[in-house]
Every structure is written in structure tokens, then in C-alpha cells.
Amino acid sequence: MISADVLVVGSGPVGLWVAFELRRAGVDVLVVDSISARDSRNKASKALVTSASTLEIFHLRNVVDQFLNQGIVQSATHFAGLDTLLKLNENVLGTKYSHGLIIPQSRIENILLDLCETAGVRFEWGLEFCGIEQTPDEVVATADRKAVVTDDQSSTVRIRASWLVGCDGTHSKVRQASGIAFEGTPSLFTGMLADVRITQPVPLGYKMSASHSGGAMVVPLGDGIHHRVIGILKGSREKPPSEPLSMNEILECLRDTFGSDIGAHSPIWLSRFGSACRTAQSFRDRRVFLAGDAAHQLFPAGGQGLNIGFQDATNLAWKLSWALKGDLKSLASYERVLTSYSDERRTVVLDTLSNIQAQALLVSADSEPVYAMRKVFAEAIRESEQLNTLWARRISGFGEPSEPFTKTGNTSSNELIGTRLSHLILKDNPEIKAQAFHQLLSAILQHRFVLILRSENESQGTPDTATKAKQALRKMVDSKWEKYTTVVECATQASHAKWVGILAVLIRPDSYIAWVGSTSQAEDELLGSLEMELKWWCGSHS
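In terms of the working numbering, the sequence shown opens at residue 49 and continues consecutively.
No lab work stands behind these hints: they were computed from the structure. Since no wrong hints were added, every one of them can be taken at face value.
Quick list of in silico lysine-lysine cross-link-like pairs, DSS-like style, CA-CA up to 27 Å: (1) Lys516 - Lys531; (2) Lys135 - Lys546; (3) Lys423 - Lys255; (4) Lys516 - Lys583; (5) Lys546 - Lys516; (6) Lys583 - Lys528; (7) Lys94 - Lys282; (8) Lys583 - Lys373; (9) Lys583 - Lys531; (10) Lys91 - Lys287; (11) Lys94 - Lys287; (12) Lys516 - Lys528; (13) Lys373 - Lys523; (14) Lys255 - Lys282; (15) Lys91 - Lys194; (16) Lys194 - Lys94; (17) Lys135 - Lys94; (18) Lys423 - Lys282; (19) Lys475 - Lys135; (20) Lys546 - Lys144; (21) Lys221 - Lys194; (22) Lys546 - Lys475; (23) Lys255 - Lys94; (24) Lys94 - Lys221; (25) Lys516 - Lys475; (26) Lys523 - Lys475; (27) Lys423 - Lys135; (28) Lys373 - Lys528; (29) Lys475 - Lys144; (30) Lys287 - Lys255; (31) Lys531 - Lys373.
Derived CB-CB ranges, DEER-like: (32) Asp399 - Val111: 25 to 31 Å; (33) Ala545 - Val418: 32 to 38 Å; (34) Ala229 - Gln541: 43 to 49 Å; (35) Leu435 - Gln541: 23 to 29 Å; (36) Gly74 - Lys516: 34 to 40 Å; (37) Arg206 - Asn137: 49 to 55 Å; (38) His544 - Glu573: 21 to 27 Å; (39) Gly74 - Lys287: 46 to 52 Å.
From the three backbone atoms N, C-alpha and C, an ideal C-beta is built for every residue, glycine too.
All chains should be modelled from the sequences, with the hints used to inform the complete structure.
Structure (C-alpha cells):
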């Protein structure tokens with residue numbers, strides 16, 4: 049019988065990322081997939097955009113350059129293909145890489161496979177997952193070996209693991225074997241994807257056809273040769289997702305939309321997609337977790353599905369590594385931490401569904417009232433900088449809801465809690481700045497919390513009071529919570545009003561803000577609320 053600490057089913061981007069995150073933390077990880085070998089995977093790439101929130105994760109894992117070197121910087125994104133674009137820049141997103149990245153999924157997977165192999169992740173190719181048995185202490189999966197077996201081999205393989213993570217797509221066999229419902233809305237229209245060569249200038253943005261019978265968008269793939277065509281045909285020309293797509297349909301859609309087929313030819317990939325949106329009823333069943341498309345099926349609007357999957361994997365990995373390494377002090381905290389994965393991530397998906405379904409409606413406009421809605425929304429995000437920023441942040445992964453985070457020990461209602469760390473940069477001289485970032489990076493890489501203590505001038509507190517409070521916070525963390533938390537004290541520069549009066553923040557290993565201490569709080573209140581938060585995650589200290 050094969051064994052591992054964690055079994056990951058599926059070697060797509062989300063499965064590879066959760067495996068890499070766990071392996072870095074010293075966890076023994078086995079990834080299984082039904083494809084026969086690493087290089088036999090489908091070279092087609094449905095996903096195309098990596099968001100700023102994912103780039104920030106890669107940055108804090110010190111691997112972002114591998115992706116940047118193979119993609120095209122995206123300084124604006126769209127909402128439902130409207131003429132008005134959403135701006136992506138440092139003022140809006142407030143992170144080191146405040147932009148998206150156009151990079152095909154096939155390149156993402158190759159980079160992640162290299163990272164996993166270097167880190168020591170184990171792979172078993174040609175194993176098709178069949179079912180699971182769970183006990184209080186382990187999960188045993190069965191899989192069929194697809195390769196030809198000899199007389200002394202069995203075609204059935206059993207794999208024992210402490211935990212299993214299903215990353216096997218929207219038709220997830222792991223989800224089905226766990227009995228987790230997958231509920232939502234059916235597909236209301238069908239779109240088309242094609243990677244082609246073109247000979248004419250590329251039209252900008254999504255365009256509706258003159259007769260409103262469909263629309264199309266053309267995006268460069270970054271290799272200097274191919275472009276992605278995303279198209280929609282409506283009415284009698286629309287066909288179900290299961291029917292093979294022809295190049296003639298792509299050309300027809302382009303001519304309908306742009307008045308020319310823009311010289312599209314030589315397709316390397318053709319596919320249809322639907323607009324169905326579904327969410328797993330839970331992302332966890334005892335020792336089995338779901339992540340990525342296995343947990344949620346989203347209409348492909350702005351690449352949000354893939355990027356939410358990366359957030360799933362990052363959220364889950366540090367919590368699983370804590371459980372496996374025995375870092376949690378009690379059964380209650382152990383269960384609390386693992387349960388928070390499904391609570392937090394499912395809430396994010398449900399919230400994101402509202403913007404995705406709104407985009408699906410606007411993209412598939414087939415009546416005058418919906419055409420009017422497109423015009424009104426385009427005008428609103430063009431004329432309102434605040435609205436443009438709001439949607440740019442949401443689609444980039446920086447507008448996720450904070451409500452599940454307030455259910456922890458934190459009694460504060462500060463707007464920063466549950467958000468990504470943004471609009472705060474280190475301000476010290478280059479040498480000290482590099483040291484502070486190294487501390488932050490090292491802690492995140494070890495799946496530790498980070499307590500950032502801001503300098504007096506930036507936190508806007510009285511120097512003596514602020515210094516005394518910071519010293520007390522450091523002393524409490526160093527004496528009781530040093531196993532879980534790294535303290536980083538540095539001068540910072542904030543580019544957003546939300547940081548006014550903020551003395552300290554506690555950052556989780558997935559770079560979300562878990563706790564906020566302000567200059568208006570008394571020292572006892574600061575110490576009490578921080579300790580309550582750490583106790584919620586870690587249990588009582590030794």
C-alpha cells in the first residue's frame with residue numbers, strides 16, 4: 049500500500065500549488081492523476097489570467113519571477129467585456145505587483161511542476177481515483193492503474209493518507225465519493241474558446257455584434273504567435289457544450305462581431321464552455337477537502353475561478369501543515385482551524401458569484417433592457433473612480449468579504465480584518481528594509497503568523513505611548529506565542545487612509561489580516577485582544 053501525509057488528487061494548477069505549499073512546510077505529499085505522464089497532459093489552456101492577488105502569493109513565496117518571465121503584464125481588466133476598463137495600478141491595488149498577468153494555464157502548470165519536483169513532491173501518474181474510506185485517523189483511497197499490469201500486479205492501488213485534497217475539477221470524483229452536494233444554476237448559454245494565429249490587427253476589448261447575436265474578444269497569448277478568441281453565438285447558432293466546435297463557427301463569430309475574421313487560422317485548440325455556476329455544499333468532509341474547480345464551478349469572467357482556486361490552496365495548506373506537525377494545542381483549536389477553511393473559502397465563492405453572474409448576464413445580452421444595462425454600467429465605472437476601483441479590487445482578489453474572519457477571537461470591527469495586506473510598504477533604508485522583508489518572507493514560508501509593529505511616526509501615536517505598547521506586544525508574543533508568530537518591527541509608509549492610527553497588524557500565513565491594534569486602544573486592550581486571537585488559532589499556550 050502506498051502512503052503519504054497528504055494525498056492530492058489532480059495535477060492541475062490548484063493541486064500543484066497546494067502540494068508545493070505543503071511540501072515546503074515539510075509535509076510528505078503525493079499527487080495522483082489519471083494522465084499517463086507529466087508530459088502527456090493536455091496542452092490546451094482554458095485559464096489565461098493570473099490576478100494580482102495570486103502574484104502577491106507567488107511574491108511572498110519567492111517564486112513570482114518564474115511566472116512574470118513567461119507572461120504579459122495586464123494593466124487593466126474588464127467587467128463583462130464593457131468598453132470601459134477597470135484600472136489596475138498601485139493606487140488601486142497597493143501591492144508590489146499591482147497588475148494582472150496574461151499567462152496560459154499550460155505554462156503555469158509547467159512552472160508549478162518544476163517547483164514541485166524540486167521541492168520533493170511525489171507523483172504517481174496513470175492512477176484514476178475510484179473511491180475513499182475514512183476513519184477518525186486516516187483516509188484510504190482506491191485508484192485504478194490505467195497502464196498495462198503484469199500477472200503479479202493488481203490494477204487496483206490503495207493509498208493511505210492522513211488527509212486527502214480533491215483538486216480534480218468540476219466533475220470531481222472525490223467530491224462525489226464524499227457525498228458532497230454541488231448546487232447552483234445551470235448553463236444558460238454557451239461560449240467558444242479557440243487559440244489561433246491571426247494576420248490582421250487585434251480588436252481591443254469585448255465587442256457585441258451589430259445584430260446583438262453574439263460577441264467576441266481577442267487576447268494575445270504571450271508567445272508572439274497565437275491569440276485566444278473568446279466568442280458567443282446566440283439564437284439558432286448556439287450549440288451545447290458537448291458538441292465539437294468548428295473553426296467555421298469561430299470565423300462566423302469574428303465576422304459577425306468585427307466585420308472581418310481578422311485572418312484567424314491554424315487553430316491549436318477549440319472548445320466550448322457553459323455559463324453554469326455551482327458551489328459545493330461544503331469544502332470539507334472529515335479528512336477530505338475540496339479546492340479549486342472541485343469546490344466551485346464559475347463562469348470564466350476575468351479568470352476569477354483559477355485565482356480563487358489558488359487562494360483556496362494557500363488557505364488550506366498552512367492549516368493542514370499545522371495539524372500534521374502537531375502545532376495545535378488542543379483538539380478544539382485543531383478542529384476550529386480546519387473547519388475555518390470551508391467557512392472562509394465558501395463565503396468568498398458565494399460572494400464572488402454575484403459579480404460573475406452579473407457579468408454572465410451582461411455578456412449574453414439578448415434584449416433591449418440588458419443592452420441598456422451594459423451602457424449604464426459602462427458609464428458608471430467610467431465616471432466614478434470609486435466604483436472603478438471597487439470592482440478592480442474585487443475582480444483582482446482584494447475585495448473578498450471579511451465576515452468569516454470576525455467569527456474568530458477578534459472583537460474588533462476594524463475594516464482591515466479579513467482583507468489582504470495592501471497599501472503598506474516598508475520605508476526603512478535599503479539594508480533594514482531588506483532585512484524586514486526577509487523576516488516577513490521567512491515567516492510566511494514557514495507558515496507562521498507575522499506581527500507587524502509599525503513605527504511611531506507612521507502609526508500617528510504619541511511616541512512614548514506607542515513605543516511602550518509595541519514593547520508590551522513583542523514581550524507577550526515572544527514569551528507565549530513565539531512558536532507560531534514572528535515579530536517584525538519596521539517603519540512603513542501607507543498609501544491609504546485606512547492605515548491612519550494603526551499601530552500593529554497580525555498577518556496570517558496566507559497574507560490575510562487577522563488582528564488589528566490601533567493607537568486609540570489601551571495597552572491592556574491591545575494585549576488582551578491579540579492574545580484572544582492567537583488562542584483562537586493555536587489554543588492555550590504551554
